[in-house]
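Engineer: Here is what each chain is made of, one letter per residue.
Protein chains: 2
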Amino acid sequence: MNKGILIVVSAPSGCGKGTILAEVMKDEKFYYSVSATTRSPRPGETDGVNYHFLGREQFEELIKTGGMLEYAEYCGNYYGTPRDKVLEKINEGKNVILEIEVQGAMQIREKCPEAVFVFIAPPSVAELRNRLEKRGTETPEVINQRVSEAAQEISFAYRYDYVVVNNILEDAVNDFISVIRAEELKAENQKNIIDEVLKNA
Amino acid sequence: MNKGILIVVSAPSGCGKGTILAEVMKDEKFYYSVSATTRSPRPGETDGVNYHFLGREQFEELIKTGGMLEYAEYCGNYYGTPRDKVLEKINEGKNVILEIEVQGAMQIREKCPEAVFVFIAPPSVAELRNRLEKRGTETPEVINQRVSEAAQEISFAYRYDYVVVNNILEDAVNDFISVIRAEELKAENQKNIIDEVLKNA
Numbered sequence: 126m127n128k129g130i131l132i133v134v135s136a137p138s139g140c141g142k143g144t145i146l147a148e149v150m151k152d153e154k155f156y157y158s159v160s161a162t163t164r165s166p167r168p169g170e171t172d173g174v175n176y177h178f179l180g181r182e183q184f185e186e187l188i189k190t191g192g193m194l195e196y197a198e199y200c201g202n203y204y205g206t207p208r209d210k211v212l213e214k215i216n217e218g219k220n221v222i223l224e225i226e227v228q229g230a231m232q233i234r235e236k237c238p239e240a241v242f243v244f245i246a247p248p249s250v251a252e253l254r255n256r257l258e259k260r261g262t263e264t265p266e267v268i269n270q271r272v273s274e275a276a277q278e279i280s281f282a283y284r285y286d287y288v289v290v291n292n293i294l295e296d297a298v299n300d301f302i303s304v305i306r307a308e309e310l311k312a313e314n315q316k317n318i319i320d321e322v323l324k325n326a
Numbered sequence: 126m127n128k129g130i131l132i133v134v135s136a137p138s139g140c141g142k143g144t145i146l147a148e149v150m151k152d153e154k155f156y157y158s159v160s161a162t163t164r165s166p167r168p169g170e171t172d173g174v175n176y177h178f179l180g181r182e183q184f185e186e187l188i189k190t191g192g193m194l195e196y197a198e199y200c201g202n203y204y205g206t207p208r209d210k211v212l213e214k215i216n217e218g219k220n221v222i223l224e225i226e227v228q229g230a231m232q233i234r235e236k237c238p239e240a241v242f243v244f245i246a247p248p249s250v251a252e253l254r255n256r257l258e259k260r261g262t263e264t265p266e267v268i269n270q271r272v273s274e275a276a277q278e279i280s281f282a283y284r285y286d287y288v289v290v291n292n293i294l295e296d297a298v299n300d301f302i303s304v305i306r307a308e309e310l311k312a313e314n315q316k317n318i319i320d321e322v323l324k325n326a
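These protein sequences, in sequence, are chains A and B.
All the letters of the first sequence, read from the start, carry residue numbers 126 to 326 under this note's numbering.
All the letters of the second sequence, read from the start, carry residue numbers 126 to 326 under this note's numbering.
There's no promise every hint is true.
All copies of an identical chain are treated as equivalent in the list; a pair is satisfied when it fits inside any one copy or across any two copies.
[What the hints assert, rightly or not] Dumping the calculated BS3-like pairs for lysine-lysine here, alpha-carbon to alpha-carbon at most 27 Å:
{"no.": "1", "residue 1": "Lys259", "residue 2": "Lys128"}
{"no.": "2", "residue 1": "Lys311", "residue 2": "Lys259"}
{"no.": "3", "residue 1": "Lys311", "residue 2": "Lys154"}
{"no.": "4", "residue 1": "Lys259", "residue 2": "Lys324"}
{"no.": "5", "residue 1": "Lys151", "residue 2": "Lys189"}
{"no.": "6", "residue 1": "Lys259", "residue 2": "Lys210"}
{"no.": "7", "residue 1": "Lys259", "residue 2": "Lys219"}
Since the hints were derived computationally from the structure, they do not count as laboratory data.
Start from the sequences and build out the full structure, keeping to the hints where you can.
Structural biologist: This is the structure we're talking about:
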């Protein structure tokens, strides 16, 4: 059996990444990696579903022993990707999806050069602004800040392997699935299959 | 506008390559590169459709001036891929398909490292033998020879970028299309699009 593929996905907020991944996750071949954090669960959050909630010492021990594929500290709390579960699922042949921001993705790039990096972008920064304004839940200042953060993140898109622009949701989902299928079809990932084809030749 | 992609496709005979490519060619984004040859047209063959029929001097002049992306001589006749038409179509944004055998493909690999190499394989060598036997048009000796040639060609599959196994035709067509779509989505081919997304940011 072939190993699964490690897929790192980043996107500025407001790009529809969650909706795309929800569609993709309908296929059982995918496994969504749940992040770990030291922050306290919010009402309604479940351990192991929204996050793995860890104590600070436990998290730091994992960092020390190489148990985190990537991590960062925000507002006094750690956030990171526990290594073991990811490797276990990949060995089971699952395609593992890590949804992380740009800095974390670049950490993974160094540790796992075989991972596949996908950046999801909005059709345009102007359209992202439109979407945020239509929601009407943020002040103009917050919208300005989020748009400027998004533009900064998008400027990192060149450092990913693939860029999927979410203009029409269905197309973006198909594009994402095409990328993963193509990765599976790479000759280097098909060695077992070629050997099988040649059996009894 | 982005340039098109140069796609080199090889497959042993009997793998259904023609059927797969006929399906793919229904999309106008693809252009099928017609080979050139110095052999005489057979009854029913049309110049520019089946082959570009060239004189020997004309062909050799093209070789000398770098006008052939690859070529080979079989049974005293030249066969090759004229360069100019391929580049013209790629510059027009078309994905150009070259259907050539393994040796020619390896020549293109050296001249056009940006090309995408797809190998189409039968589900197994045993199944290829089955298919040839069922056809009932060949003697056992010819079948043995074709199967052994196919096995030798398949052992080159590792040197291609992608391997598509034609087990179920529809899946093989979708796999082929996924590969090309993924190539289009590569960050290096999306620079224009990322610049567009960032416009007025």
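Engineer: Does each hint hold? Answer for all of them.
Structural biologist: A quick look at each hint next to the structure:
1. Taking the shortest Cα distances, Lys259 and Lys128 never come within 27 Å of each other, neither inside one copy (43 Å) nor across copies (36 Å).
2. In this assembly of identical chains, Lys311 and Lys259 lie within 27 Å of each other by CA distance neither inside one copy nor across copies; the values are 42 Å within and 31 Å between.
3. Within a single copy, Lys311 and Lys154 get their C-alpha atoms as close as 17 Å, and across copies as close as 23 Å, so both meet the 27 Å cut-off.
4. When the C-alpha separation of Lys259 and Lys324 is checked against a cutoff of 27 Å, the pair qualifies only between copies, where the shortest distance is 20 Å, while the shortest distance within a copy is 59 Å.
5. Taking the shortest Cα distances, Lys151 and Lys189 never come within 27 Å of each other, neither inside one copy (35 Å) nor across copies (56 Å).
6. In the homo-oligomer, the alpha carbons of Lys259 and Lys210 never lie at most 27 Å apart, since the shortest distance is 39 Å inside one protomer and 48 Å across protomers.
7. Taking the shortest alpha-carbon separations for Lys259 and Lys219, neither the intra-copy value of 38 Å nor the inter-copy value of 38 Å comes in at or below 27 Å.
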